[in-house]
Amino acid sequence: MSTAEITRAEYCAGACADIFSGAGEIMASPMAPMALIGARVARLSTEPDLLITDGEAFLLSDTPAVGAAGAAEGWMPFSKVFDVIGSGRRHVVMGANQIDRYGNQNLSAFGSHRQPTRQMFGLRGAPGNTLGHATSYWVARHSTRVFVDAVDIVCGVGFDKVDAANPAFDDLNIHRVVTNLGVFDFDGPGRTMRARSLHPGVAAGEVAENTGFQIAGLESAPVTAPPSEEQLRLIREVVDPRSTRDREVKS
Amino acid sequence: MAFRDKTSTLAEAVGELRDGMTIGIGGWGSRRKPMALVRALARSDVKDLTIVTYGGPDLGLLCAAGKVKRAYYGFVSLDSAPFYDPWFAKARTSGAIESREMDEGMLKAGLQAASTRLPFLPVRAGLGSAVFDFWEGELTTVESPYPDTDGRTQTLVAMPALTLDAAFVHLDAADVHGNAGYSGVDPYFDDLYMGSAANRYLEADRILPTDELFAEFGPQRLVLNRMNVDRVVHAPNGAHFTFAGGYGRDEAFQRFYASSAADDEDWAAFRARFLDVDEAVYQEEVTRWHAEQEDQK
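So the protein sequences, as listed, match chains A and B.
Just so you know, the UniProt record's numbering puts 241 at position 241 of the first sequence, and the rest follows in order with no gaps.
Just so you know, the UniProt record's numbering puts 263 at position 263 of the second sequence, and the rest follows in order with no gaps.
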């Protein structure tokens with residue numbers, strides 16, 4: 001299988017699987033289909049101990065395809081999820097309506113908090129997730145609308161908000177941002193966003209044009225590694241045979 | 001055995017509510033919401049309410065009816081497309097309501113504090129985020145009296161008790177005394193809402209004798225016992241259009257609710273047919289509406 005045959009969506013799924021590398025026996029909580037594909041591929045390949053849920057209240061012992069049912073190994077109702085967040089044994093992959101160079105994320109509303117111009121979901125679990133355990137973001141359409149100079153409402157907490165004297169911030173860990181253009185982390189100067197890799201066919205200029213702030217390491221970023229042959233088979237035949245990934249990222 | 005019979009009508013339940021009360025609403029998003037009680041409240045004369053909720057169309061409908069002064073919530077979602085509640089969005093973008101938006105876990109902590117008569121509980125969630133902006137001075141932090149092993153001290157959010165004047169919940173089945181169980185996968189936070197409230201209102205799809213309730217649901221599913229329930233309302237399909245144990249979410253009707261909000265005339269028609277009517281007529285009209293949808297196919 002040559003890399004030329006691997007679609008952009010498949011690179012994204014592989015990069016979402018890589019989010020969980022080394023995660024061990026913790027709960028993976030992907031919020032969007034691409035991140036969900038990634039978590040399940042990770043469990044079937046590199047991270048067999050991951051706990052995953054059916055999106056409602058069951059921990060799954062099977063690793064079924066997207067949208068399919070599977071056997072359960074345990075119970076994880078919302079009340080217990082908050083206990084897991086407190087324990088730190090979780091890695092969430094949230095979406096972001098806005099994200100800034102320090103990893104602050106917004107999914108609440110656009111405009112002011114008193115009278116927004118557009119209302120979305122609200123803060124949801126983002127403030128607690130980010131302080132509690134590893135957090136990554138999946139953004140299907142990398143644009144200047146999403147990657148902004150400053151988010152309107154801070155839901156997920158970014159690295160510039162850390163009070164080093166307060167141990168309550170010690171576990172803030174914005175691990176990765178995976179988009180349709182590349183893979184990013186916050187190891188840039190002053191814990192700002194840095195390019196880890198750009199997907200094949202994506203130029204540094206294209207990312208810069210679609211980002212409202214400077215990303216470190218953009219010019220020197222390598223090409224995103226393809227999913228392994230086994231991961232590619234898992235993506236195509238086991239986890240996402242109906243190609244929901246292509247609805248998130250056009251190839 | 002002569003435990004009290006607490007069965008009540010929706011009108012009796014809502015008749016006890018007063019302007020300016022703080023009301024907590026159980027369920028989660030568009031899941032197992034006490035919609036029969038919410039509809040009855042929406043068509044009552046009560047106003048200036050403060051609502052505490054993991055929000056869905058419960059908060060949306062109360063916003064549509066102009067009942068909400070202030071809302072405490074972690075999110076508001078319909079849980080399936082179109083996801084955003086249109087009436088909550090209108091209330092927010094027009095500045096009609098005060099928002100005490102917070103992290104979802106903070107809401108749980110606030111109910112836990114209220115239900116155990118603590119003034120607050122410490123939580124990490126909220127530090128560094130916009131929660132403090134939304135609370136406009138009403139929220140503060142607390143310093144741990146115990147230093148960490150490295151000598152530093154944790155400063156945490158002091159989540160205040162969310163003490164409620166009234167709570168509404170919907171469970172699948174109850175006895176007349178207020179013992180109640182659910183058949184779904186998640187109890188949500190209904191026990192905490194009831195534990196945090198002075199007046200506790202339970203609606204249930206079915207009313208069963210106590211022994212049958214216990215036999216059918218077993219101890220772990222009986223999330224409410226009679227000491228935390230004041231009134232029991234028999235409301236078959238009462239959680240509609242959200243789901244309860246015996247029925248799924250009415251996705252078609254939820255989309256109809258959301259699309260009706262986009263146009264004044266459509267909403268006037270929706271309101272006249274489904275909201276300005278009592279619960280029995282509501283349920284009949286929903287059945288009729290589905291028959292009409294079939295006919296149009």
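Certain hints may be false.
Computed spacing ranges between beta-carbons, pair by pair [to be verified]:
# : chain 1 : residue 1 : chain 2 : residue 2 : range
1 : A       : Ala208    : B       : Asp45     : 55 to 65 Å
2 : B       : Phe83     : A       : Ser21     : 24 to 34 Å
3 : B       : Ala252    : A       : Asp54     : 42 to 52 Å
4 : A       : Ala68     : B       : Gly248    : 25 to 35 Å
5 : A       : Ser112    : B       : Asp48     : 43 to 53 Å
6 : A       : Ala71     : B       : Gly66     : 46 to 56 Å
7 : B       : Thr141    : A       : Lys80     : 39 to 49 Å
8 : B       : Glu265    : A       : Glu229    : 56 to 66 Å
9 : B       : Glu284    : A       : Ala71     : 53 to 63 Å
It is worth saying that the hints were derived from the structure and are not from the lab.
The beta carbon of each residue, even a glycine, is placed where N, CA and C say it ideally should be.
Check your understanding: In ascending order, which of the hints set out earlier in this document are inconsistent with the structure?
Key -> 3, 4, 5, 7 and 9
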